[in-house]
Structure formats: C-alpha cells, structure tokens
Amino acid sequence: MIQFHNITKRYPGGFEALNNVSLNLQAGEMAFLTGHSGAGKSTLLKIISLIEKPTRGQAILNHINLNNVPNSRIPYIRRNIGIIFQDHQLLFDRTVFDNVALPLIIQGYHHLETAKRTRAALDKVGLLHKEKSLPITLSGGEQQRVGIARAVVHKPMLLLADEPTGNLDPVLSREIMQIFIDFHQVGVSVLVASHDLSLIEELQKPVVTLNRGKIIHNDLEPVDV
Amino acid sequence: MSDNKHQHRPNALNRFSAWLLHHLQSLVFSLGKAYRSPSATLMTVAVIGITLTLPSGFYLLLKNIQSISGDLRSSTQITLFLDMKLSLDSARQFNAQLKQHAEIADTRFISREQALTDFKQTSGFGKSLDHLNDNPLPHTVIVIPSTELDTLAIKTLLSRLESMAEVDIAKLDTEWLERLFTIVEIAKRSVIIISLLFSFAVLLIIGNTIRLDIQNRYQEIIVTKLIGATNAFIRRPFLYSGVWYGLFGGLLSWLIVELSIIVLSGQFDSLSLLYQSQYTIITFSFSDFLIITGCSTLLGLAGSWLAVARHLNEIEPK
Numbered sequence: 009m010i011q012f013h014n015i016t017k018r019y020p021g022g023f024e025a026l027n028n029v030s031l032n033l034q035a036g037e038m039a040f041l042t043g044h045s046g047a048g049k050s051t052l053l054k055i056i057s058l059i060e061k062p063t064r065g066q067a068i069l070n071h072i073n074l075n076n077v078p079n080s081r082i083p084y085i086r087r088n089i090g091i092i093f094q095d096h097q098l099l100f101d102r103t104v105f106d107n108v109a110l111p112l113i114i115q116g117y118h119h120l121e122t123a124k125r126t127r128a129a130l131d132k133v134g135l136l137h138k139e140k141s142l143p144i145t146l147s148g149g150e151q152q153r154v155g156i157a158r159a160v161v162h163k164p165m166l167l168l169a170d171e172p173t174g175n176l177d178p179v180l181s182r183e184i185m186q187i188f189i190d191f192h193q194v195g196v197s198v199l200v201a202s203h204d205l206s207l208i209e210e211l212q213k214p215v216v217t218l219n220r221g222k223i224i225h226n227d228l229e230p231v232d233v
Numbered sequence: 000m001s002d003n004k005h006q007h008r009p010n011a012l013n014r015f016s017a018w019l020l021h022h023l024q025s026l027v028f029s030l031g032k033a034y035r036s037p038s039a040t041l042m043t044v045a046v047i048g049i050t051l052t053l054p055s056g057f058y059l060l061l062k063n064i065q066s067i068s069g070d071l072r073s074s075t076q077i078t079l080f081l082d083m084k085l086s087l088d089s090a091r092q093f094n095a096q097l098k099q100h101a102e103i104a105d106t107r108f109i110s111r112e113q114a115l116t117d118f119k120q121t122s123g124f125g126k127s128l129d130h131l132n133d134n135p136l137p138h139t140v141i142v143i144p145s146t147e148l149d150t151l152a153i154k155t156l157l158s159r160l161e162s163m164a165e166v167d168i169a170k171l172d173t174e175w176l177e178r179l180f181t182i183v184e185i186a187k188r189s190v191i192i193i194s195l196l197f198s199f200a201v202l203l204i205i206g207n208t209i210r211l212d213i214q215n216r217y218q219e220i221i222v223t224k225l226i227g228a229t230n231a232f233i234r235r236p237f238l239y240s241g242v243w244y245g246l247f248g249g250l251l252s253w254l255i256v257e258l259s260i261i262v263l264s265g266q267f268d269s270l271s272l273l274y275q276s277q278y279t280i281i282t283f284s285f286s287d288f289l290i291i292t293g294c295s296t297l298l299g300l301a302g303s304w305l306a307v308a309r310h311l312n313e314i315e316p317k
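Quick note, the sequences are listed as chains E and R, same order.
Taken in order, the first sequence gives residues 9 to 233; the numbers are from this note's numbering.
Taken in order, the second sequence gives residues 0 to 317; the numbers are from this note's numbering.
Next up, chain E with everything else stripped away, as it sits in the complex (with noise of 0.2 Å):
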C-alpha cells in the first residue's frame, strides 16, 4: 500500500525532517507510527498525502509514484485516504451529517447514496443520533469521531491518523483505537501517528519508530527490491 524508498524530507532552511527512510506498510495491514514531537512522523504523513514531497528518494502509493503526480492529479489520489487529524478539523457552520457527507458530495455521489452512506458511517462511530447537531454542541470524543467518521465514509483504502488521541482522556483514546482496529480488520490499511505508547503496547500492533527523522525500530517487512 504505502513504500518508501530511502526518503529524505529537507525543508527550506536546512532542516532535515526525514533521512533515508524506508518502509513497506502492505495492503491491509494496520500500524503505529511513534516518536518524539519533531521525530518526523507528521512529515512521513503529509508525504503520503501529497501534501509535501519528498527531496529525495521514492514514495509509492498504491503502485502510484507520488513524487512526480501532477497538480490537478492530487484531490484523486487523495480521494483514496481518509486523514484523521488530531484537532479533527471539522466545520463549525454545518451539522454532523454534512461534515461526514463532503467527501461524498465532492466525488459526486448521487444524494440518496450519499445520505446512506453518510449515516451508515454515523453509526458506525455511534453517533447516528447526533447527525442534525453542530459539532460545536459535541465532547472532544464525539467530535473525533465525527472526523474518522468523515475520513472513512467514502471507504478509503487507507485510513491516516495524525495523533488522533493527542487530546483525549485513555478511556476515550481506547475507543477511538478500537474503531481504527475495526476498519483494519474490514481490510482497510491503517497508519496511526501517536505518541501514546502504553495504548500502542497494548493493542499489538507492527510498530516504526522515528528519532530525529530515522527509523530506529521497524515491525513491518523490509522493502522489496
């Protein structure tokens, strides 16, 4: 699903956020991304993301070379992820239900297949009761889950979390992994970046650790050459 080739990530400025990073996250599998604050884990997201590219090395995408997509390619490649953020990003003017429907509406999707789609996802994160609300109205909790409700209601291959628990109690971050284990095992392919690691050691799963933009523990399978 994702490989990376020996990236290396320099931003203007001389700072170098990743250096020669490889790795091999395969189709379906579900892993967690640790390390310091600075270790390069938001970088090695946005890369997957298009939202920054890489300075040298190779970054793949489902069998898609992200270093050399075109502009007007890059909302569909990203149309196959569905990104969890950490202050979920939702929007204030608009309900629940329209918040999680915008990936459907800017794909097209007819609005029948959209609104049962849309609630389908609602449910799945247990909040098919709050769809007319505001996310204003909502706990820290619900609102995170109306953002993985979003990222994976037009069912993205890969879900990407960027600290999805960074401002939640345990009992809550606990759920929210959960959720993210439930999608994995529907076969999607999960990449969790947290710093949580009592959380990650307890749900046992492949783990790459980052310092200082170099891997220094890998569960996952080397990259094929």
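I should point out that these hints are in silico values taken from the structure, not numbers from a laboratory.
This structure is a prediction, so every number in the text was calculated from the model and none was measured.
There may be inaccurate statements among the hints.
Here are a few chain E residues that sit away from chain R, every Cβ distance over 12 Å (derived from the structure) [claimed, not checked]:
hint	residue
1	H13
2	E24
3	N73
4	P83
5	P111
6	T145
7	L146
8	P178
9	E210
10	N226
11	D227
12	L228
13	V231
Short, incomplete list of chain E residues facing chain R, as computed with Cβ under 8 Å [what the hints assert, rightly or not]:
hint	residue
14	I59
15	T63
16	I113
Here are the in silico distance ranges between beta carbons for each label pair [to be verified]:
hint	chain 1	residue 1	chain 2	residue 2	range
17	E	K222	R	N312	32 to 42 Å
18	E	H44	R	N312	29 to 39 Å
19	E	R81	R	W18	17 to 27 Å
20	R	N312	E	P214	36 to 46 Å
21	R	N312	E	R102	16 to 26 Å
22	R	T229	E	H44	34 to 44 Å
23	R	L289	E	D95	23 to 33 Å
C-beta atoms are modelled at their ideal positions from N, C-alpha and C, and glycine is treated no differently.
Dock chain R against the given chain E, drawing on the hints supplied.
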C-alpha cells in the same frame, strides 16, 4: 482490494447529474450565505448598486439627449428666398417641383403678399408699412429636408438649392445644431469612459469582497482540499457569490435610476411645457434592463474569478 472498492464509485452519468446538482447547491448555498449575513451583503450590494447607478443613469440621460436632438434635427429648415423677378405662378410651380424631390420631406410656400401681411401683423410697424410703394419681400419657400439626411447631406442639399436659377438666397441656420451634435458626441464618449471606469471599480469591489470571503474560509478550503476536492469544486460557491453580488447590484442600480426618474419627472414635465414640447422622458426599456443586469452579473462573475484565480491556488495544506 482496491478494485472492489472502486466498484462503488459513481458512474459518468451519475457524476454529471451530481455535478449539476453541486452547481445548483453552490447557487443556493451562496445565496443562503448572503441571506444569513444580511448587513454585510446589503453593504456590498449597495456599494455595487450605487457605483453602477452613475453609468446607467448617464446612459439614460444620453438616450434622452439623443432623442431630443433627433427631434431638433427633424425641425431643421432651409429657407429659400426666391428671385424677385419670379412671378407668383412660376414660384408656386417651383414649390410644387421641390415637393417631388426625394431629399425633401415637405415644403411650405409663402407668397410675397402673404409675407408682407404676416410681417405687418407681427412686426408692429403696421401702418407705416402701408406707405411703401413696393413690396420689398420676395416669394419664400420653406424646405424641410428628409429626416434621413445627416448634417453633411443637408449642406449638399443647401448648396444644390442655392445654385438653382429660381433661388436668390438659401439660408440654413445649422451652426448651433452642429455644436449640439458635437456636445452629444462628447457626452456619448464620456459615458463610455465613465462606464468602463465604474465597471472596473465594480470588478475590484467584488474581487475584494470575494478575497475576504476566501480568507475567512481559509481553514474550510484546506480541509476540503485534503478530502480530495478539486479546485473547480472549491471555486464554485465563490463564483456564484460574485454572480449574486453582481446581479443584485445591477438590480439596485436599475431601481435607483427608475426612482430618480419618478422624482424628477414632475420637474421635467413642467420644463417641457415651457418649451411647448410634447416630449416625454424615455425610461429603461426591457432590453436596457437586461443589459444592465446582464453586464453587472458578468462583472460579478469576472471579479470573483479574478479573486479566486489569484488567491485560491495560494491556499495549499501545509
């Protein structure tokens, strides 16, 4: 695994109807957004409306001036003082002959006797003129040129008439008319310049409004881009906002001008009465209405397009 997921993606026909639907949604959404912040919307629309009032008002003024000066042109007369030696019969015959002329709309014949009687009545010299042995006045033909003739053609006609043997003097007082036409021409060009300038101002106003709107929705744009929205998708509601601003601004300017006419029409009627004229003020026709609202809508679209093209591409998730 990717393939069976893709089976659920909408087909081309569905995508097209969804595309149409999104256009409709953007149209309604941008209208709803305008409705939800009425004071901001009203201010923008008012600025656009007032700005457009000047060119559309001038346009209407010009239309009226052109119509009045057109009336004046049709009142252009050439006065022919005929040769003193011409008998009454041959003068009448000459008049009849002129009437047949293609470039002449009408003529009026005044015999020298008639001219003297008229002069006695209107000049106030009355009795003193009785002492004249001879009638010093010639037979006169007043020629009204065809309305299709322009100033130059009228002048050619004048010199042709003057060269005729029966005519002693041909007189046309056109100088003031030419001045008027030149002024009208200057006014016409000024209206074009003013319209262009003010259209440009509207373009900038709408562009700036949309730019602020884009800045306010910065976060939303980033999120939708990350979810996989194309630039066209993000652009759409902003373009429709511009269209609404333009349309409503155009409607407002039309309304302002129409109301001004109602306010002014009383004064105008008394003025036209003083000139013993039947002139009624020309208001906007339906096609004028369509032109004003159409142009302002286009300006709205163009202004928002400029803003969107300049600022939307700058916003990329970081």
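Verification of the hints:
1. H13: holds, 21 Å
2. E24: holds, 18 Å
3. N73: holds, 16 Å
4. P83: violated, 5 Å
5. P111: Violated, because the least Cβ-Cβ distance between P111 of chain E and chain R comes to about 5 Å, which does not exceed 12 Å.
6. T145: holds, 19 Å
7. L146: Holds: least Cβ distance 17 Å, greater than 12 Å.
8. P178: holds, 28 Å
9. E210: holds, 27 Å
10. N226: holds, 23 Å
11. D227: Fine: 21 Å to the nearest Cβ keeps D227 of chain E off the interface.
12. L228: holds, 18 Å
13. V231: holds, 20 Å
14. I59: For I59 of chain E, the interface hint holds, since the closest Cβ of chain R sits about 5 Å away, which is under 8 Å.
15. T63: violated, 16 Å
16. I113: holds, 7 Å
17. E:K222 with R:N312: 32 to 42 Å: Distance hint for K222 of chain E, N312 of chain R holds at roughly 35 Å.
18. E:H44 with R:N312: 29 to 39 Å: holds, 35 Å
19. E:R81 with R:W18: 17 to 27 Å: holds, 18 Å
20. R:N312 with E:P214: 36 to 46 Å: holds, 39 Å
21. R:N312 with E:R102: 16 to 26 Å: holds, 25 Å
22. R:T229 with E:H44: 34 to 44 Å: Between T229 of chain R and H44 of chain E, where Cβ atoms are some 37 Å apart, the hint holds.
23. R:L289 with E:D95: 23 to 33 Å: Violated: the Cβ-Cβ distance is about 49 Å, outside 23 to 33 Å.
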